[in-house]
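Chains A and B supply the protein sequences, listed in that same order.
Mapping to the numbering used here: the first sequence position 129 is 129, numbers consecutive.
Heads up, the numbering used here is the position in the second sequence plus 1000, with the first residue counted as 1.
Do not rely on the hints blindly, as some may be mistaken.
With a cut-off of at most 30 Å between alpha-carbon atoms, the simulated DSSO-like pairs for lysine-lysine come out as follows [unchecked claim]: (1) Lys1135/B <-> Lys24/A; (2) Lys1364/B <-> Lys37/A; (3) Lys1357/B <-> Lys113/A; (4) Lys1011/B <-> Lys34/A; (5) Lys67/A <-> Lys1011/B; (6) Lys1430/B <-> Lys1016/B; (7) Lys131/A <-> Lys24/A; (8) Lys1016/B <-> Lys1104/B; (9) Lys1368/B <-> Lys37/A; (10) Lys24/A <-> Lys95/A; (11) Lys1204/B <-> Lys1011/B; (12) Lys34/A <-> Lys1357/B; (13) Lys67/A <-> Lys1135/B; (14) Lys95/A <-> Lys2/A; (15) Lys34/A <-> Lys95/A; (16) Lys95/A <-> Lys67/A; (17) Lys37/A <-> Lys1135/B.
If you want the footprint, here are the derived chain A segments under chain B, 3+ residues with CB under 8 Å [as the list claims (entries may be wrong)]: (18) 9 to 23; (19) 35 to 48.
In case anyone wonders, no lab produced these hints; they're calculated from the structure.
No experiment lies behind these values; they were computed from the predicted model shown.
From the three backbone atoms N, C-alpha and C, an ideal C-beta is built for every residue, glycine too.
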Amino acid sequence: MKLLFTIQGGDFTRAGHPSSEVKKVLKQLDIDGKTIKNIVIALYEAEVNVVAHAWKGTVSVEIEENKITIWVSDEGPGIADIELAMQAGYSTASKEVREMGFGAGMGLPNMKKNTDELHIESEVGIGTKVKMVNYFS
Amino acid sequence: MSGLPNYHALKVDASKCIGCTHCMKACPTEAIRVIDGLAVIDHERCVDCGQCHRSCPTHAFYVEQDDLAKIKAFKYRVILFPSIMIGQFPEKYNETQIYSGLKKVGFTHVFEVEQPIQLLIDSVNEYLGNEENPKPAISTYCPAVVRLIQGRYPSLTENLILRKAPHDLAAHFAIERLLLEGAQREEIGLFYATPCIAKIASVKSPVGERESIVDGIVNMNHLYNEVMKVISEVEVEDNSVQRYNLSEEGILWSLTRGESRHFGSRSIAIDGIHNVVRFLERLENDQVKGVDFLELRACDQSCAGGILLTGNRFLTVEKLERRAKRYPSAKDISESTISVDIDELKQKLDIDSISPKPLFIFGKDRVKAMDKMTRAQRIVCSLPGIDCGACGAPNCHALAEDMVNRRAKMSDCIFLQQMWEDEGKITAGKAHLNVQKKWGTDRFKADCNKRGRRNEGF
Ligand code: SF4
Ligand code: SF4
């Protein structure tokens, strides 16, 4: 089954909506709690990334019998050096964003930790596409 | 009393219910549907939070209870009640008058449940001290919250603290005390005055226990009325100093922050079921960091807001806070006044395990479940999205789910009906009949005294 959401850059009050909705669906499918938690954490991080850095983005989700695939794409500044961004503590978040308690540089590493597969494509000045896959046990 | 599986004391009086949908909208687990013009509770989903009872403008919900005459069967008749009971009575009655009122009703022994509370504090602290237990640890004090977590947040079940509530402690304590006085176990009848239906369910079908230790349940508002009939107007000396095991902490226990003030270096207390729901969503998403202890209560102002209380909840809180100041701190009550085997009593506070009982799953077969959910999603697209409740389901999404689970029909949605009528798919007569079937003929009659008028019940 498929789900689609849009994210507005800069609006932290709405971050967490797609991940909550996805969680609801996975709970109804009786996916085990640990797996759901991983997925929700990874997706929430991805959402916050879009809100903190980009202008707008979309989340599209496909749930199949044995796995969930999530694509998060945004129109934004892009990531110049993905390898570097994957390191814990590395952050380009603005001061304002950090003051709100976000942007500690744990986003990508946290996403990696909580997904089975993570692919990131990015073009500076255009945007970023993230694909995350989690398998159900 | 042997444990009853899934007991719920809350019932709907069909002669009073007008199917107004207020309760259905208030329920945190979407357990209510209006069927044939009447509210019907799905007992699998109900967590006994009491929201529906509160929101009913015609007082159609009632709470089953045991017959008070049952106490006559016992030689030692113990009434166990939470301290908030005392906070119900008008100021002019002191504790001694209330206590003797309870005896006049027919009880031989009067026990407030929050004693000896220090045992429970120590026991919970010991639990929290064990690094292996997941944090934040969630109190199991409010049975409605425990059931909400089991059903709606199954993955958080492991965070529940495996310790019993004060009424269990008090029940065991009362038994031990009476045995010391020379009573035989079968001569002792324990009756619990409850502030809410959640406690009834937890006493009658205890989570993680086979047997209930209590012999009967009395609704607190009923007991209040009984006591008010016999209470003496003559002022007597307050003998509260004789309640050796009652402490400041015990009296405050059932109020908001009553537990959280004691536990963990970072604790949070939340009251009101919808506040609890919102917080648990966050917790489940792993967005709550560093908190050790959570006190979650279904009612606003915790048990002072229980649905079986008579007094105003804010006045009750204020009275209890004043009362608590007159009592010693739990720490200052020496173990010798407890006078029963403390280690044994402590052991009785442990719960073996609490298992998740997910309520919202679409069946075990994942492929079929996904198919159903996809269909529900598609149906939602055609529904108006205003959650009007005229279909008898709490919102459009719930209706769509009911449809794919074959519990509702497309024609239940009055908007869809209207559309079909317009498209000539059904006749106006048939459409009218459909609505009539759902809501009864009375709903269409002009009647200025119709129940459920504006402001009724406020
Ligand atoms: S008691 Fe609470 S959970 Fe049960 S039906 Fe009423 S509102 Fe719903
Ligand atoms: S807060 Fe107290 S009165 Fe309310 S449901 Fe929970 S235990 Fe019962």
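How the hints compare with the structure:
no.	hint	in the structure
1	Lys1135/B <-> Lys24/A	23 Å, holds
2	Lys1364/B <-> Lys37/A	20 Å, holds
3	Lys1357/B <-> Lys113/A	29 Å, holds
4	Lys1011/B <-> Lys34/A	37 Å, violated
5	Lys67/A <-> Lys1011/B	43 Å, violated
6	Lys1430/B <-> Lys1016/B	28 Å, holds
7	Lys131/A <-> Lys24/A	21 Å, holds
8	Lys1016/B <-> Lys1104/B	34 Å, violated
9	Lys1368/B <-> Lys37/A	23 Å, holds
10	Lys24/A <-> Lys95/A	33 Å, violated
11	Lys1204/B <-> Lys1011/B	16 Å, holds
12	Lys34/A <-> Lys1357/B	16 Å, holds
13	Lys67/A <-> Lys1135/B	29 Å, holds
14	Lys95/A <-> Lys2/A	36 Å, violated
15	Lys34/A <-> Lys95/A	33 Å, violated
16	Lys95/A <-> Lys67/A	37 Å, violated
17	Lys37/A <-> Lys1135/B	15 Å, holds
18	9 to 23	holds (count 4)
19	35 to 48	holds (count 5)
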